[in-house]
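Student: Residue-level listing of the chains:
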Amino acid sequence: MQKDVHSLLESSEFKSLVAKRAKISILLTILLFLSYYGFVLLIGFNKSFLAQKLNETTATTLGIPLAVAVILASWLLTVIYVVWANAVYDPEVKRLRAKLFGK
Amino acid sequence: MPPVTEQAAGAIQTTLGTPTLPAIVFFLIIVAITLAITYWAAKRTKTTKEFYAAGRSVSAFQNGLALSGDYMSAASFLGIAGMVALKGYDGMIYAVGWLVGWPALMFLIAEPLRNLGKFTFADVVAFRLKQTPVRIASAIGGILTVLFYTIAQMVGSGSLVKLMFGIPYEYAEIMVGCIMLAYVLFGGMLATTWVQIIKAVMLLCGVSAMMLMVLAKFNFNPGDLYAAVATQYGQAALEPGGLITSPIDAISLGLALMFGLLGLPHILQRFFTVPDAKAARISVLYATGFIGYFYIIIPIVGFGAAALIGREVIANIDKGGNMAAPLLAEFLGGTPFLGFIAAVAFATILAVVAGLTLAAASSFSHDIYVHVIKKGNATEQEEVRASKIATLLFGTVAVGLGILFKGQNVAFMVGLAFAIACSANFPALILSIFWKKFTTAGAVWAILTGAFLAVGLIIISPTVWVDVLGNPKGSALFALKNPAIVSMTASFLVGYVVSLLTKDETAEQKFEDEKLRTYLGVGAE
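Sequence order for the protein chains is A and B. With the numbering used here, letter number 32 in the first sequence gets 32, and the count goes up by one each step, no holes. Count along the second sequence from 1, add 1000, and you get the number used in the numbering used here.
So that you can see chain A by itself, here it is in the shape it has in the complex:
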C-alpha cells in the first residue's frame, strides 16, 4: 500500500492534478486581490473618479454600482471555482482513488 501511495504521488497524473489546482486557486486569488484592492486603492488615490455622477440627471455616483460590482465579482469567482472543481477536479480525484483502491 505505502509503495502504491508513493508511486501514485510521484505519478505525472497526480502531479498535474496538484499543479492544476494550485494554478486555478492562485489565479482566482489574484483576481480577487485585483478587484478588491483595486477598489480600495481607487478610494485612496482617486476619490473624484468614484464621486462622479453616472449621468447628469441622477445623484447616483459611480462608486455605488462599483461597490456592488466588487461583491458580485467576488461571488462570481466562487462560482467559477465550483464549476471548475465539479467538472475537472472531482472526476480526476475519483479516477485516481479508484486506481489506488479499486483495481
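Don't take every hint at face value.
Said to hold, decoys possible - Keeping only pairs whose Cα atoms sit at most 27 Å apart, straight-line, the calculated DSSO-like set for lysine-lysine is:
{"#": "1", "chain 1": "B", "residue 1": "LYS1374", "chain 2": "A", "residue 2": "LYS20"}
{"#": "2", "chain 1": "B", "residue 1": "LYS1046", "chain 2": "B", "residue 2": "LYS1437"}
{"#": "3", "chain 1": "B", "residue 1": "LYS1437", "chain 2": "A", "residue 2": "LYS20"}
{"#": "4", "chain 1": "A", "residue 1": "LYS94", "chain 2": "A", "residue 2": "LYS3"}
{"#": "5", "chain 1": "A", "residue 1": "LYS20", "chain 2": "A", "residue 2": "LYS94"}
{"#": "6", "chain 1": "B", "residue 1": "LYS1437", "chain 2": "A", "residue 2": "LYS23"}
{"#": "7", "chain 1": "A", "residue 1": "LYS15", "chain 2": "A", "residue 2": "LYS94"}
{"#": "8", "chain 1": "A", "residue 1": "LYS94", "chain 2": "A", "residue 2": "LYS47"}
{"#": "9", "chain 1": "B", "residue 1": "LYS1473", "chain 2": "B", "residue 2": "LYS1118"}
{"#": "10", "chain 1": "B", "residue 1": "LYS1130", "chain 2": "B", "residue 2": "LYS1473"}
{"#": "11", "chain 1": "B", "residue 1": "LYS1049", "chain 2": "B", "residue 2": "LYS1388"}
{"#": "12", "chain 1": "A", "residue 1": "LYS99", "chain 2": "B", "residue 2": "LYS1510"}
{"#": "13", "chain 1": "A", "residue 1": "LYS94", "chain 2": "B", "residue 2": "LYS1278"}
{"#": "14", "chain 1": "A", "residue 1": "LYS23", "chain 2": "B", "residue 2": "LYS1278"}
{"#": "15", "chain 1": "B", "residue 1": "LYS1375", "chain 2": "B", "residue 2": "LYS1515"}
{"#": "16", "chain 1": "B", "residue 1": "LYS1437", "chain 2": "A", "residue 2": "LYS15"}
{"#": "17", "chain 1": "A", "residue 1": "LYS23", "chain 2": "B", "residue 2": "LYS1515"}
{"#": "18", "chain 1": "B", "residue 1": "LYS1049", "chain 2": "B", "residue 2": "LYS1162"}
{"#": "19", "chain 1": "B", "residue 1": "LYS1046", "chain 2": "A", "residue 2": "LYS20"}
{"#": "20", "chain 1": "A", "residue 1": "LYS3", "chain 2": "B", "residue 2": "LYS1436"}
{"#": "21", "chain 1": "B", "residue 1": "LYS1436", "chain 2": "A", "residue 2": "LYS94"}
{"#": "22", "chain 1": "B", "residue 1": "LYS1374", "chain 2": "B", "residue 2": "LYS1049"}
{"#": "23", "chain 1": "B", "residue 1": "LYS1375", "chain 2": "B", "residue 2": "LYS1118"}
{"#": "24", "chain 1": "B", "residue 1": "LYS1436", "chain 2": "A", "residue 2": "LYS15"}
{"#": "25", "chain 1": "B", "residue 1": "LYS1388", "chain 2": "A", "residue 2": "LYS15"}
{"#": "26", "chain 1": "B", "residue 1": "LYS1510", "chain 2": "B", "residue 2": "LYS1375"}
{"#": "27", "chain 1": "B", "residue 1": "LYS1118", "chain 2": "B", "residue 2": "LYS1046"}
{"#": "28", "chain 1": "B", "residue 1": "LYS1515", "chain 2": "A", "residue 2": "LYS94"}
{"#": "29", "chain 1": "A", "residue 1": "LYS3", "chain 2": "B", "residue 2": "LYS1388"}
{"#": "30", "chain 1": "B", "residue 1": "LYS1515", "chain 2": "B", "residue 2": "LYS1437"}
{"#": "31", "chain 1": "B", "residue 1": "LYS1388", "chain 2": "B", "residue 2": "LYS1278"}
{"#": "32", "chain 1": "B", "residue 1": "LYS1436", "chain 2": "A", "residue 2": "LYS99"}
{"#": "33", "chain 1": "B", "residue 1": "LYS1436", "chain 2": "A", "residue 2": "LYS23"}
{"#": "34", "chain 1": "B", "residue 1": "LYS1473", "chain 2": "A", "residue 2": "LYS47"}
{"#": "35", "chain 1": "A", "residue 1": "LYS23", "chain 2": "A", "residue 2": "LYS94"}
Said to hold, decoys possible - The following label-pair restraints were derived from C-beta to C-beta distances:
{"#": "36", "chain 1": "A", "residue 1": "VAL83", "chain 2": "B", "residue 2": "LEU1212", "range": "43 to 53 Å"}
{"#": "37", "chain 1": "A", "residue 1": "LYS53", "chain 2": "B", "residue 2": "LYS1510", "range": "53 to 63 Å"}
{"#": "38", "chain 1": "A", "residue 1": "ASP90", "chain 2": "B", "residue 2": "LEU1500", "range": "57 to 67 Å"}
{"#": "39", "chain 1": "B", "residue 1": "GLY1400", "chain 2": "A", "residue 2": "LEU34", "range": "40 to 50 Å"}
{"#": "40", "chain 1": "A", "residue 1": "ILE30", "chain 2": "B", "residue 2": "GLY1223", "range": "29 to 39 Å"}
Because the hints were derived from the structure by calculation, they are not lab data. Note that beta-carbon positions come from the ideal geometry of N, C-alpha and C, so glycine has one too.
Based on the hints, put chain B in the right spot on chain A.
Tutor: Relative to chain A, chain B alone:
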C-alpha cells in the same frame, strides 16, 4: 463594532427601549423554537463527533446558511446600517471588506481543511508535527482570537439589548449567557448549527423586507432614494469620505479582514460538520452568496434610514447609529415590525456567541485536555465531559468579561481578533498544509510571533494608544490602525526561517500521507 452609547430618546416618538408586547412575543417564540431544537439535538449529541461536528451530517446548503449565521453579527447588521445612515458611502466601502475573505477561504483552504481535520483547526496544523507544542501554540492563537471576538460581541449585545428592550445591562449579559449555554451544553454543534440557520434565515428575510419597504417609498428606484439622500445631506453622502485616508492603512485592514476569516476558529470548525470536501466547497459558495446579498442590501436600509428618519434623530438615540435599522423598522411597519427586528437582532447575538463558545470549548477540551494533558489517550466519555466543563467555564468567563468591560470602548477588539487570526492562525495553517519543510519549531514560532506582534502592535497603535488609552493624537508609536500587514508578514517570515534552521524528519515523512489526504481525501474523517 461601533461603540454604543446610552442616551435618552428625548422627544422622539418611539417605543424603542420599552419592552412592547410584539417584541416580547417574537422573542419568546424564538427562544421556544431554539430550545425545542436543542432538546431534539440533545438526544442526538452523545459522542464527540456529534458534539463538535454535528456527526458530519450537515448538508452543504445548511452549512452555507449556518456559516452566514455564524458570521453576520449584530455589528454588521446594526453597525453597518448605522454607518451608512450617518456617514453615507463610507459605510458601503466598509461593508465590501467584510465579504472578500470568503472567496479566498474557498480557493485556499476549505477543501484541505475538511480533508485533514477532525474537530478543530489545530488538528490540521498539527497533522504531521509534534502534537504537544503545536497544539498548545494553536490553542493560544485560537483562544485569543475567540476571546477578543467574544468580548466585543458580549459588550455590544448587552448595550443593544438594553437599548432595544430596556433590560439592565447586567441582566442582558446573564440572559444571553444562559440561553447560549443551553444550546451549546446540551445540543452541541447540532443545536448551534440550527440556531445559526434560523437566525440567518430570519435576518435575511427581515432585512429583505425592510429593503423592499424602503424602495416602495421611492418608486422601487434606488436612484430616487440616493437623490433624496443627496437632497437632504448633500452629494457628499454618496461619495467616499474620510474612511480611507492612508492607502497602506486600508490595505493592512483589508488583509486582516480577508485572511483573518481564514483563521477564525469558529468559522473553520463549521467545515468539519459536512460530510466531505465537495460539500465544504459548495457550502462556501452558498455562504458567499447569502453574505454578499446581505452586504449589497444593507446599505439600502442605511440610506433609507437617513432619508426617512433623519441622521439627527438616529444619532440622538445612539451616537454610533446602531439604532438606525430598528428605528426604520418601526417607521415602516410599526411596533410589530420593530418587535420582529429586535428579536432578530437578539437571535443574531445568540447564534454568534454560541458558535464562539463552542469553538473555545473545543480548543480547551480537544486540543489541550485530550492531546496535551492526556497525550491523546482520553476515552470518548472523558472528552465529552471535558468539552462540557470547558463550555460552562468559557460561557461564565464570557458573561463575566462582558460585565467587566461594561461601557468600555471595545470596538477595536473585533479588529484585534481578525489581526490575531490572520497573523497567528492563518500562516501556520497554510504552511502546514502546503509546505513540506515546515517544522514543529517553525509552526510554534510563527504562531507566537503573529499573536504577540498583533496584540503588541495594536496596543501602541492609534486605535488603542490614542482612542482607548486617551494619549494625545499623534503620540502612537506604531502608525497603522491595524497591524496585519506587519504582523502577518512577520509570522510567515519567522515560520519560514525557523523551519529552514530546524529539521523535522517525521514531519517530512508524513507529508506524503498528508498530500494524499489533502488532494484526494484518502483517510479523511
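Student: Run every hint past the structure and note whether it holds.
Tutor: Verification of the hints:
1. Taken as a hint, the LYS1374(B) and LYS20(A) pair is broken in the structure, with Cα atoms around 41 Å apart against an allowance of 27 Å.
2. Distance restraint check for LYS1046(B) and LYS1437(B): the Cα-Cα separation of roughly 39 Å exceeds the 27 Å cut-off, and the hinted pair is therefore not satisfied.
3. For the given pair, LYS1437(B) sits about 22 Å from LYS20(A) by alpha-carbon distance, which is consistent with the 27 Å threshold.
4. Restraint check: the Cα-Cα separation between LYS94(A) and LYS3(A) comes to about 20 Å, which is no more than 27 Å; the hinted pair holds.
5. Only pairs whose Cα atoms come within 27 Å are accepted, and LYS20(A) paired with LYS94(A) is accepted, the gap being roughly 16 Å.
6. Of the pairs offered as hints, the one joining LYS1437(B) and LYS23(A) holds, with about 21 Å between alpha carbons and a cut-off of 27 Å not exceeded.
7. The hinted pair formed by LYS15(A) and LYS94(A) meets the criterion: a straight-line CA distance of about 15 Å does not exceed 27 Å.
8. Only pairs whose Cα atoms come within 27 Å are accepted, and LYS94(A) paired with LYS47(A) is rejected, the gap being roughly 50 Å.
9. Restraint check for LYS1473(B) and LYS1118(B): the C-alpha separation of about 47 Å exceeds 27 Å, so the hint is violated.
10. At most 27 Å may separate the alpha-carbon atoms for a hinted pair to count; LYS1130(B) and LYS1473(B) exceed this at roughly 46 Å.
11. Under the criterion of a C-alpha separation no larger than 27 Å, the hint pairing LYS1049(B) with LYS1388(B) is consistent with the structure, at around 14 Å.
12. A hinted pair counts as satisfied when its Cα atoms are at most 27 Å apart, and LYS99(A) with LYS1510(B) qualifies at roughly 21 Å.
13. Only pairs whose Cα atoms come within 27 Å are accepted, and LYS94(A) paired with LYS1278(B) is accepted, the gap being roughly 12 Å.
14. Straight-line distance between C-alpha atoms of LYS23(A) and LYS1278(B) comes to about 19 Å, which keeps the hinted pair within the 27 Å bound.
15. The straight-line distance between the Cα atoms of LYS1375(B) and LYS1515(B) is roughly 25 Å, inside the 27 Å bound, and the hint therefore holds.
16. The hinted pair formed by LYS1437(B) and LYS15(A) meets the criterion: a straight-line CA distance of about 18 Å does not exceed 27 Å.
17. Annotation: proposed proximity of LYS23(A) to LYS1515(B) holds, straight-line Cα distance about 17 Å (limit 27 Å).
18. Restraint check for LYS1049(B) and LYS1162(B): the C-alpha separation of about 37 Å exceeds 27 Å, so the hint is violated.
19. In summary, the hint linking LYS1046(B) to LYS20(A) is not supported, as the alpha carbons are separated by about 41 Å, beyond the 27 Å threshold.
20. With a C-alpha separation of about 19 Å, the suggested pairing of LYS3(A) with LYS1436(B) holds against the 27 Å cut-off.
21. The suggested pairing of LYS1436(B) with LYS94(A) holds, with an alpha-carbon distance near 25 Å, which does not exceed 27 Å.
22. For the hint linking LYS1374(B) to LYS1049(B), the alpha-carbon distance of about 18 Å falls within 27 Å, and the restraint holds.
23. With a CA separation close to 16 Å, the supplied pair LYS1375(B) and LYS1118(B) stays within the 27 Å bound.
24. Restraint check for LYS1436(B) and LYS15(A): the C-alpha separation of about 15 Å stays at or below 27 Å, so the hint holds.
25. A threshold of 27 Å between alpha carbons decides the hint, and for LYS1388(B) with LYS15(A) the separation of about 44 Å lies outside it, so the pair is violated.
26. Distance hint between LYS1510(B) and LYS1375(B) is fulfilled; the C-alpha atoms sit about 19 Å from each other, no more than 27 Å.
27. In summary, the hint linking LYS1118(B) to LYS1046(B) is supported, as the alpha carbons are separated by about 17 Å, within the 27 Å threshold.
28. A hinted pair counts as satisfied when its Cα atoms are at most 27 Å apart, and LYS1515(B) with LYS94(A) qualifies at roughly 16 Å.
29. Note on LYS3(A) and LYS1388(B): the hinted pairing is violated, with a Cα-Cα distance of about 43 Å set against a maximum of 27 Å.
30. A C-alpha spacing of about 13 Å is found between LYS1515(B) and LYS1437(B), which places the hinted pair at or below 27 Å, so the restraint holds.
31. Restraint check for LYS1388(B) and LYS1278(B): the C-alpha separation of about 31 Å exceeds 27 Å, so the hint is violated.
32. Straight-line distance between C-alpha atoms of LYS1436(B) and LYS99(A) comes to about 25 Å, which keeps the hinted pair within the 27 Å bound.
33. For the hint pairing LYS1436(B) with LYS23(A), the CA-to-CA distance comes to about 18 Å; that is within 27 Å, so the pair holds.
34. With a C-alpha separation of about 25 Å, the suggested pair LYS1473(B) and LYS47(A) falls inside the 27 Å cut-off, and the hint holds.
35. For the suggested pair LYS23(A) and LYS94(A), the alpha carbons sit about 20 Å apart, so the restraint of at most 27 Å is met.
36. Taking the beta carbon of each, VAL83(A) and LEU1212(B) are about 31 Å apart, not inside 43 to 53 Å as hinted.
37. The supplied range of 53 to 63 Å is met by LYS53(A) and LYS1510(B), whose beta-carbon atoms lie about 60 Å from each other.
38. About 36 Å separates the C-beta atoms of ASP90(A) and LEU1500(B), a value inconsistent with the hinted range of 57 to 67 Å.
39. For the pair GLY1400(B) and LEU34(A), the beta carbons lie near 45 Å from each other, so the given range of 40 to 50 Å is met.
40. Evaluation of the 29 to 39 Å hint for ILE30(A) and GLY1223(B) yields a pass: the beta carbon distance comes to about 34 Å.
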